[in-house]
Amino acid sequence: MASLTLSFFLSFLFLFSPALSTNSEGNALHALRSRLSDPTNVLQSWDPTLVNPCTWFHVTCDSNNHVIRLDLGNSNVSGTLGSELGELKHLKYLELYRNEITGKIPKELGKLKNLVSMDLYDNKFEGEIPKSFKKLKSLRFLRLNNNKLSGSIPRELVKLSNLKVFDVSNNDLCGTIPVDGPFATFPAESFENNRFSGPELQGLAPYDFGCGST
Amino acid sequence: MSSLFLFLVVLTALLGVCHGENSKDTYWLLRIKSKLVDPERVLENWSPAADICSWKGLTCSPDQIHVLGLNLSGSGLSGSIPNELQYLTSLQTLDLSLNSLTGPIPPELGQLQNLSILLLYSNYLSGKIPAEVGLLKNLQVLRIGDNMLSGEISPNICNLTELRVLGIAYCQLNGSIPIEIGNLKHLVSLDLQNNSLSGFIPEEIRGCKELQNFAASNNLLEGDIPPSMGSLKSLQILNLANNSISGTIPVSLSSLSNLTYFNLLGNRLRGNIPVEFNRLFQLEVLDLSRNNLSGTITLLNTQLKNLQALVLYDNALTGSIPSNFCLRNSNLQQLLLARNNLAGQFPMELQSCSSLLQLDLSDNNFGGELPSLLYELENLTDLLLNNNSFSGNLPPEIGNMSNLESLYLFANMITGRIPLEIGKLQRLRIIYLYDNQMSGRIPRELTNCSSLTEIDFFGNHFMGSIPETIGKLKNLALLHLRQNDLSGPIPPSLGYCRKLQLLALADNKLSGSLPLTFRFLSELRTITLYNNSLKGPLPSSLFLLKNLKIINFSHNRFSSSIYPLTGSNFLTALDLTNNSFSGPIPSRLALSRNLSRLRLAHNRLTGTISSEFSQLTELNFLDLSFNNLTGQALTQLSGCKKLEHLLLNNNQFTGTMPSWLGTLQELGELDFSSNNFHGTVPAELGKCSKLLKLSLHSNNLSGIIPKEIGNLTSLNVLNLQSNNFSGPIPSTIHQCKKLFELRLSENLLTGSIPDELGGLLELQVILDLSKNKLSGQIPSSLGNLMKLERLNLSSNQLQGEVPHSLGKLTSMHVLNLSNNHLQGRIPTTFSSFPLSSFMGNDDKLCGPPLVSCSESERQGKKRLSNSAVAGIIVAIVLTSTVICLVMLYIMLRIWCNWRNVSISTSDGGGGGGGPQHNNKREDQVRWAAFGYWKVASLALVPSQDKENSTSSCIFQLKVDKEAIENT
Chain Y
8 MASLTLSFFL
18 SFLFLFSPAL
28 STNSEGNALH
38 ALRSRLSDPT
48 NVLQSWDPTL
58 VNPCTWFHVT
68 CDSNNHVIRL
78 DLGNSNVSGT
88 LGSELGELKH
98 LKYLELYRNE
108 ITGKIPKELG
118 KLKNLVSMDL
128 YDNKFEGEIP
138 KSFKKLKSLR
148 FLRLNNNKLS
158 GSIPRELVKL
168 SNLKVFDVSN
178 NDLCGTIPVD
188 GPFATFPAES
198 FENNRFSGPE
208 LQGLAPYDFG
218 CGST
Chain H
139 MSSLFLFLVV
149 LTALLGVCHG
159 ENSKDTYWLL
169 RIKSKLVDPE
179 RVLENWSPAA
189 DICSWKGLTC
199 SPDQIHVLGL
209 NLSGSGLSGS
219 IPNELQYLTS
229 LQTLDLSLNS
239 LTGPIPPELG
249 QLQNLSILLL
259 YSNYLSGKIP
269 AEVGLLKNLQ
279 VLRIGDNMLS
289 GEISPNICNL
299 TELRVLGIAY
309 CQLNGSIPIE
319 IGNLKHLVSL
329 DLQNNSLSGF
339 IPEEIRGCKE
349 LQNFAASNNL
359 LEGDIPPSMG
369 SLKSLQILNL
379 ANNSISGTIP
389 VSLSSLSNLT
399 YFNLLGNRLR
409 GNIPVEFNRL
419 FQLEVLDLSR
429 NNLSGTITLL
439 NTQLKNLQAL
449 VLYDNALTGS
459 IPSNFCLRNS
469 NLQQLLLARN
479 NLAGQFPMEL
489 QSCSSLLQLD
499 LSDNNFGGEL
509 PSLLYELENL
519 TDLLLNNNSF
529 SGNLPPEIGN
539 MSNLESLYLF
549 ANMITGRIPL
559 EIGKLQRLRI
569 IYLYDNQMSG
579 RIPRELTNCS
589 SLTEIDFFGN
599 HFMGSIPETI
609 GKLKNLALLH
619 LRQNDLSGPI
629 PPSLGYCRKL
639 QLLALADNKL
649 SGSLPLTFRF
659 LSELRTITLY
669 NNSLKGPLPS
679 SLFLLKNLKI
689 INFSHNRFSS
699 SIYPLTGSNF
709 LTALDLTNNS
719 FSGPIPSRLA
729 LSRNLSRLRL
739 AHNRLTGTIS
749 SEFSQLTELN
759 FLDLSFNNLT
769 GQALTQLSGC
779 KKLEHLLLNN
789 NQFTGTMPSW
799 LGTLQELGEL
809 DFSSNNFHGT
819 VPAELGKCSK
829 LLKLSLHSNN
839 LSGIIPKEIG
849 NLTSLNVLNL
859 QSNNFSGPIP
869 STIHQCKKLF
879 ELRLSENLLT
889 GSIPDELGGL
899 LELQVILDLS
909 KNKLSGQIPS
919 SLGNLMKLER
929 LNLSSNQLQG
939 EVPHSLGKLT
949 SMHVLNLSNN
959 HLQGRIPTTF
969 SSFPLSSFMG
979 NDDKLCGPPL
989 VSCSESERQG
999 KKRLSNSAVA
1009 GIIVAIVLTS
1019 TVICLVMLYI
1029 MLRIWCNWRN
1039 VSISTSDGGG
1049 GGGGPQHNNK
1059 REDQVRWAAF
1069 GYWKVASLAL
1079 VPSQDKENST
1089 SSCIFQLKVD
1099 KEAIENT
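Protein chains in written order, with the working numbering: chain Y, 8 to 221; chain H, 139 to 1105.
Just so you know, the hints here were simulated from the structure itself, not pulled from any lab data. Hints may be right or wrong, so weigh each one.
Example chain H residues on the side facing chain Y (calculated, C-beta under 8 angstroms, incomplete) [claimed, not checked]: (1) Glu543; (2) Glu782; (3) Leu830; (4) Ser949.
Cβ coordinates follow ideal geometry from the N, Cα and C atoms, glycine included.
Given the sequences, and given the hints that come with them, work out the whole structure.
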């Protein structure tokens, strides 16, 4: 019996060993696929046995076969995101808006140093905005509106000097709204329908009162 | 006295019956023979002429009177079990096993009151187990498994209190194990494997005191293991594998001191493995794999001295292997601990487990260097350490493991070279070192391992050339060296690895041409050489490789014809992207009916697409872009209904776009750009509802953009740039809600920009309508395109003001509204865009970065027409001329008068008027430049010098540009 299990195990191992490569971006996307429920088969073309994911639909690569766009907006997908998305080191556009994605925003998204646009609006994300977003130095557009995010806006985001659009309206955020850096320019509509206690009071007290102390 | 008499009477009667019985048996046996189908004629000697005791398969009593046994096992019999067996009432043994009997077990067998052994296993019997079996009071052995019996296990079976063996495995029985099972006090073996039994294991099983073998694997049993099973002291085999048993493993099972085989694989058990199991001294095999067991490993070979296999993979075990685990001279052959959370250094203890044949520690968190002592395990045949964090070198002592057949070290952090001693491993068949950090050359000694069938070194840093002696590996089927730093030519001897099926040398620095010897690789199915520097024409003898399925030679410098790659009719994927192949695309490719990916882009291919391509019904990906292909109509592709990617861009295709494109229901990407297509876009294209990317730019397409484009509701990218499209932009385009890139520039489009474009809320990359003949106003709805990053409406005939709503487009960082007829104030948020964004609008736009609107606004409010402006100008000019003339007249009169008064001061005054006037002009110009005066503001510039006015305008712009460049 034990030798039977061993031979079963060995054959299992063989199946997965030589043919598959460590094509990390393809693996990351395939891991994403396995997390998502996809009733309209938008991810059907995501074949993990291909050398890279560049011919998969909804994925765009640059000339070096690195994934730079992921376009799954309005695609009827549900499920959660995982840490594996952090492997898409060259990603510039993460477009996952208007779906039914739940759970937390993975902190590993902070590893996407080349990200220009992150559109997660109109989903069911919950939990906090990851502090790790402070590392997204290229980020210009961050739209997290219409989710169920809670907690406060990480103060560290004021360092994102390229940020032009920041929309967190219609969430469950609280605390004060930063006013430094790019936050000086964001319109009030970007913050409406939350539980904010108002703009940050400068020079009087340390910023973070936390939430619910009022 | 009377009782003695009675006894004698009964005895005589019995004897009489027995004599009659023998002839009666003959009768019934012949009836039985007639019912059975006997293709092998094993019942041939069953004839009335012979004594039945000589009939095949029959056993008579010593006095030749009674038929005691009937054994027709393995006789090729079919048909159903004859009811007539019930009349062989003296039968003690009935064995019909291993035949092809069908139908039910006849309930009448319950009449055989003397039966002690009933063997019906391995037939095709169906139906339920008849309750009448429970009448066989003397039955000791009942084996009816490996049939198609269904229904529940009748509790009546549990009336058979003499039963010692009950075998009903490999049927389709359902329901639960009857609680009456405990009545079977003499049961030794209970085999219920491979049924669909559900429910709990009954507590009552403890009643089977003599049970030695209990096997119930591959059922649907659930609940806990009853702790009372610990009282089954005789138990030797306990197999409950592949059920849904939950809870913890009862400590009481450690009392099963006779247990030799214990298998709980594939259940839902959790908790620790009881340390008390070290008392199971007789244990030879323990398999607890594929459960949720946690805690550390406390079992010791030093206690379990008879252990041969310890299988604990796929659990959540932590810690490492206990230091006193191994027993010198033990029998432990298999230690399989894969896929747990075991950690720490390589367990040095294992070097003492010298009898080990198979060691699997894969998929754990072990780290540290591989100890050289490990290689003292000379009996080891399989060493699996993959997917851990082992580091350091592969020690030379590995050469000591002379029995090694499989070496799995992939997905670790092993560095250094492959030791030359590897060549001593004459039995090595599989070596997987992929996904490590190993470097150096691949040693020639590796090619001494003559048993090798699979080599996978993918994803390391091996350098130098592939050993020239690789051809010595006559059994090699897989050679995977992708993603290393290998250089030099491919050694010709590789062609002598005639059993090679998969050859992957991609992502290296290999150079030179393909060896001619490759023609011998007739077993080859997959060959991937992409991303190297291989060059030259392909050897024509490659045509002999008839089994090729997957070829990827992309990103090399191969040249000349691709014909040598078309010898196989089994190709599924051919990728030659980015080489220098020339000549035509061979029509032979169409013989590979399963071809699904054909990628020939970026070559120098010429000619047309063969008409035979219509037979490629499985084709899914066709990329012929960036070649010199010609031809028209493309009907040859109309049969390729599964096409998802059709990329023909950057060729010299001509003709019109075919309407059958609308039948490609799977099409997701269509790129015909940069060809010479003409004519209209067929409305049928709107039927490709899965289309995501449609690129037709840089052709000679004309006519209107069909309104059916709006049916492409999945479309992400639409590029119709640089054609001759005319007519309006179809308003239906707003239905393409997922568009993020829309380019319609460089066409002859007329009419106004449809309001509906403002509904394309996901437009992001660009909206480019430039270089058309669009007129009317910019719709304010474009202010809804909140994600838009680039907007180009330049070089049209747009009029009116720039809608203020556009000022809200905070994502926009490139804007071009130049060369239109726009006017009025631009939104204040546009001040950071360069002047060039607004140039060429008849100088009627104002506001930063252009000149201030203060003056033009006044004008704007009156909303004067051009003719009115002209009238006013004329009026002003006339009036001022008249005034000037009047003034001049008055001044002349005064001057004359004054001159009359004083003639002596005449010199300075006359010339003084000129310079003074000039100074004032310069002041005015400077003021205009810094105060952002409107350029063509006639009201403040003296009307008579138009030349001056334009030069001041240019001056102003220069100054302004400098100002912007400085900031």
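For each hint, the structure was consulted:
Annotation: Glu543 of chain H was flagged as interfacial toward chain Y, and the flag is violated, the nearest CB pair being 10 angstroms apart, outside 8 angstroms. A cut of 8 angstroms between beta carbons decides the hint on Glu782 of chain H: the least distance to chain Y is about 7 angstroms, and the hint holds. Checking Leu830 of chain H against chain Y by beta carbon gives a least distance of about 6 angstroms; that is within 8 angstroms, so the hint holds. With a cut of 8 angstroms, the hint placing Ser949 of chain H at the interface with chain Y holds, because the nearest CB-to-CB distance is about 5 angstroms.
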